[in-house]
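Trainee: The listed protein sequences derive, respectively, from chains P and E. Heads up: the first sequence begins at 1 in the numbering used here, then just goes up one per residue. Heads up: the second sequence begins at 1 in the numbering used here, then just goes up one per residue.
These are calculated hints, taken from the structure and not from any lab test. Warning: the hint list may mix true and false statements.
In this list, chains with the same sequence are indistinguishable; a pair is considered to hold if it fits within one copy or across any two.
To be verified - Restricting the straight-line Cα-Cα distance to at most 25 Å, the calculated cross-link-like pairs of lysine-lysine (DSS-like) are:
(1) Lys242 / Lys46
(2) Lys304 / Lys136
(3) Lys29 / Lys275
(4) Lys275 / Lys156
(5) Lys86 / Lys297
(6) Lys304 / Lys156
(7) Lys6 / Lys136
(8) Lys136 / Lys26
(9) Lys26 / Lys297
(10) Lys136 / Lys275
(11) Lys22 / Lys202
(12) Lys286 / Lys202
(13) Lys149 / Lys86
(14) Lys190 / Lys286
(15) Lys131 / Lys275
(16) Lys22 / Lys242
(17) Lys3 / Lys149
(18) Lys35 / Lys305
Bear in mind that the values here come from a model prediction, so they are computed numbers and not experimental data.
Protein chains: 2
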Amino acid sequence: MTKQIKLAHGNGGAENNELISKVFYKAFKNEILEKSEDAAIIEDGKLAFSTDSFTVSPLFFAGANIGKLAICGTCNDLAMMGAKPKYLTCSVIIEEGFDINELETIVESMQQELEINGASVVSGDTKVVPKGSVDKIFINTTGIGEVLKSGISSNKITDNDIIIVSRDIGTHGATIFASREGIELTSDLKSDCMSLYPIVKKLLDNDINITALRDATRGGLSAVLNEWANQSNICIEVEEDKIPICDEVMGLCELLGFDATSLANEGTFVLAVNKGDSKVTLDILKLFNNNASLIGKVTNTHPKKVVLNSSWGTSRFLETPTGELLPRIC
Amino acid sequence: MTKQIKLAHGNGGAENNELISKVFYKAFKNEILEKSEDAAIIEDGKLAFSTDSFTVSPLFFAGANIGKLAICGTCNDLAMMGAKPKYLTCSVIIEEGFDINELETIVESMQQELEINGASVVSGDTKVVPKGSVDKIFINTTGIGEVLKSGISSNKITDNDIIIVSRDIGTHGATIFASREGIELTSDLKSDCMSLYPIVKKLLDNDINITALRDATRGGLSAVLNEWANQSNICIEVEEDKIPICDEVMGLCELLGFDATSLANEGTFVLAVNKGDSKVTLDILKLFNNNASLIGKVTNTHPKKVVLNSSWGTSRFLETPTGELLPRIC
C-alpha cells in the first residue's frame with residue numbers, strides 16, 4: 001500500500017477493499033466482522049447492526065439531501081440483510097457558522113425517511129468544530145434492525161440463482177456529478193435515493209427465495225457483482241443490453257467517458273434469487289419501478305469473475321472499479 | 001436561537017442542550033429518545049445503545065490518542081447505564097493525504113482498548129474526503145451494551161443518595177489545552193482517558209446501590225451535576241474542598257482563569273449512590289484511583305440547583321457552563 005491515504009481508498013472498489021482488509025480488519029479481527037456484509041449479524045442472528053458516515057457534497061441535490069441520504073443509507077444496509085430497520089443513532093459534526101434553518105431542513109428530512117422505515121432515532125451526538133475543520137456538515141447514522149429472514153448472504157450464490165437489478169442504474173452518481181460540475185441538464189435526472197425496506201418487506205411477504213441482496217452504492221453495480229463473484233466463488237454472466245440505464249445517465253456517460261456500471265446508486269439494489277422465483281420477483285419489483293430487470297445468470301465459466309456479454313456476441317470482463325471517479329458521493 | 005451554529009452549540013452545556021432539544025429532539029421525538037441519557041435503553045431494557053463522533057485535536061496527546069478516546073468514549077457511555085460494552089461499529093472520515101502509519105497506530109489503540117472492555121468492532125465504514133474537507137481524521141463509534149443492572153438513571157436521585165467523583169477532575173481538558181497552546185508543563189499532566197467498564201463491573205459485583213452514573217466529559221463536573229439536579233428536581237450541595245483537583249490542573253486553571261469543574265474528562269465519572277454504600281463505594285473506587293472522593297449530598301434547599309460550599313463558609317451556585325471553552329476536546 002502507499003504511505004498516504006488517497007481518494008481512491010474511499011471508492012468502494014479495489015483500493016477501498018485493500019485499506020479495509022490491511023488496516024481495519026487486521027486490527028479488529030473477529031468472527032462477526034469477518035462474516036459482516038452490509039451489516040453485521042449479532043445476538044444469535046436476531047439483530048443486524050450497520051454504520052455509515054455521510055459526507056456528500058452538495059448537501060442538497062435533485063431527489064434528496066444529506067439527511068434523507070443518511071437515513072436511507074443505513075436503513076438500506078439493514079434491509080439488505082433481510083432486517084427491518086428499528087433503532088438508529090444520529091451523530092452530526094457541524095462546521096461553525098452553519099445555517100440553523102438548513103440544519104432543521106436536513107433533520108426534518110431524516111424524520112420523514114425514518115417514518116417510511118418505521119424506525120426511530122433513539123440516541124445522538126452533536127459536535128461543532130471551528131470553521132475550516134469540516135466542510136459544512138457530516139452525519140453518521142448507525143442502525144439496529146430486526147432480522148426477518150436469516151441466511152441472506154453473498155457467500156452462497158450458486159448457478160441456481162439469477163441476477164436481477166431493481167431499477168435503472170447510476171442516477172445518484174450522475175446527479176451528484178452534474179450538480180457538482182454545474183452541468184445543466186434539461187432533463188428530470190434525479191438521485192434514486194430512497195428507502196428499500198418497503199420493497200424488501202414485499203419480497204419477504206411473498207416468500208421469495210432470496211439468496212443475496214446488496215444496494216449498489218459506491219463502486220456501483222460492477223463493485224457488487226465482483227464482490228459476489230469473489231465471495232461465492234462463481235462466475236456472473238451479465239447481458240449488457242439488459243442492464244437498465246436511463247437516457248440522461250447514458251448521455252452523461254457518453255459525454256464524459258464514464259461507465260454507468262461504476263456509478264453510485266442510493267436506492268437501487270441487486271438481487272440473487274432462486275431461478276424459479278424470477279418472474280414473481282420481477283413482478284413485485286415492477287410495482288415500485290418498471291425498469292427492474294433480470295440482467296444475468298450464474299455459471300462456472302470464470303470463477304470469481306464477472307463477464308459482460310454484448311448484444312453483438314462479444315464479451316469482456318467487468319472489473320472492480322479502481323481509482324476515484326467522484327469523491328463525496330455519499 | 002441564533003441563526004447560525006456557534007462553537008458554543010457543541011460545548012456540552014447550555015447552548016448544546018438548546019440545540020439538541022430545539023432541533024434534534026423536536027424532529028425525532030419518541031419515547032426512547034426522551035428517556036435516553038448517556039445511552040438509549042432498547043429491547044425491553046436488555047440493551048444499551050450509544051453513539052459518539054470524535055474530532056479531537058491534536059490526534060495524539062499525553063495519555064491517549066483519538067483511537068483510544070473513540071473506544072473509551074462510547075464504551076464509557078454504555079458502562080454509565082450499567083451495561084457491558086459488547087458490539088461496536090467504527091466509521092472513519094479521513095482526509096486525503098493522511099499518513100497510513102498514523103492510521104494504523106490509531107486503529108491498534110482502538111483494538112487494545114476494545115480488549116479492556118471485552119468488546120468487538122463488528123461493522124465499519126471508511127470515507128476519504130479531498131484535502132481541506134476535514135481536518136485529518138474524525139472517528140465515529142457506536143456501541144451496543146448488555147444491561148447488567150437496569151434502572152440506573154439520573155431521574156431518580158433523592159436525598160438518600162450521596163455524590164462521589166471517581167478521581168481528580170479536569171486532566172483531559174487541561175492536557176488538550178496545554179498541548180494545543182504549546183504550554184510546556186514540566187509535570188506529568190496527562191489525560192484521564194480510560195475505560196470505565198472494569199470499575200463499574202466491580203461496583204456491580206459488590207451489589208452497590210447505584211442510583212446514577214455519568215462520565216463528566218464535555219462541560220465537566222458542573223454540567224453533570226446541573227443536569228442531575230434538573231432531571232431529579234433536587235439540590236446538590238457540593239463541598240468545594242472535597243473536589244479532587246491535581247496541582248497541575250489547579251495551576252493551569254489559576255494561570256488562565258478556568259474553572260476546573262467545567263473542564264472535560266474522559267475517564268472520570270460521577271456517582272449518586274445510596275448513603276449506606278458510601279464507604280464501600282469509595283473503597284472500591286480507590287482501588288483504581290486514590291483520589292476518589294465523596295464531594296456532596298442531596299438536599300431540597302434549592303431544587304434544580306447546584307450549590308458549592310467553600311471551606312470559608314460561603315456558598316454560591318455552580319452553573320451549567322456556557323460559551324465554548326475549548327472546541328475539539330473530544
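Trainee: Taking the hints in turn, state whether each one holds.
Mentor: Now for the hints, and whether the structure bears them out:
In this assembly of identical chains, the alpha carbons of Lys242 and Lys46 never lie at most 25 Å apart, being 36 Å within a copy and 48 Å across copies at closest. With identical chains, the CA atoms of Lys304 and Lys136 are never at most 25 Å apart, being 41 Å at best within one copy and 36 Å at best between copies. Taking the shortest alpha-carbon separations for Lys29 and Lys275, neither the intra-copy value of 36 Å nor the inter-copy value of 44 Å comes in at or below 25 Å. Taking the shortest alpha-carbon separations for Lys275 and Lys156, only the intra-copy value of 14 Å comes in at or below 25 Å, while the best inter-copy value is 59 Å.
Neither within a single protomer nor between protomers do Lys86 and Lys297 lie at most 25 Å apart by alpha-carbon distance, with minima of 34 Å and 40 Å respectively. In the homo-oligomer, the alpha carbons of Lys304 and Lys156 lie at most 25 Å apart inside one protomer (13 Å), although the nearest pairing across protomers, at 59 Å, exceeds that limit. When the C-alpha separation of Lys6 and Lys136 is checked against a cutoff of 25 Å, the pair qualifies both within a copy, at 21 Å, and between copies, at 13 Å. In this assembly of identical chains, Lys136 and Lys26 lie within 25 Å of each other by CA distance solely across copies; the values are 22 Å between and 32 Å within a copy.
In this assembly of identical chains, Lys26 and Lys297 lie within 25 Å of each other by CA distance neither inside one copy nor across copies; the values are 34 Å within and 48 Å between. For the identical chains of this complex, Lys136 and Lys275 are neighbours neither inside a copy (47 Å) nor across copies (48 Å), given an alpha-carbon limit of 25 Å. In this assembly of identical chains, the alpha carbons of Lys22 and Lys202 never lie at most 25 Å apart, being 38 Å within a copy and 36 Å across copies at closest. In the homo-oligomer, the alpha carbons of Lys286 and Lys202 lie at most 25 Å apart inside one protomer (12 Å), although the nearest pairing across protomers, at 57 Å, exceeds that limit.
Taking identical chains as interchangeable, the C-alpha atoms of Lys149 and Lys86 lie at most 25 Å apart whether they share a chain (15 Å) or sit on different chains (24 Å). Taking the shortest Cα distances, Lys190 and Lys286 sit within 25 Å of each other inside one copy (19 Å), while across copies they are farther apart (61 Å). In the homo-oligomer, the alpha carbons of Lys131 and Lys275 never lie at most 25 Å apart, since the shortest distance is 55 Å inside one protomer and 47 Å across protomers. Neither within a single protomer nor between protomers do Lys22 and Lys242 lie at most 25 Å apart by alpha-carbon distance, with minima of 36 Å and 49 Å respectively.
Taking the shortest Cα distances, Lys3 and Lys149 never come within 25 Å of each other, neither inside one copy (42 Å) nor across copies (46 Å). For the identical chains of this complex, Lys35 and Lys305 are intra-copy neighbours only, at 21 Å inside a copy versus 51 Å across copies, given an alpha-carbon limit of 25 Å.
The structure fails to meet hints 1, 2, 3, 5, 9, 10, 11, 15, 16 and 17 from the earlier list, while all remaining hints are met.
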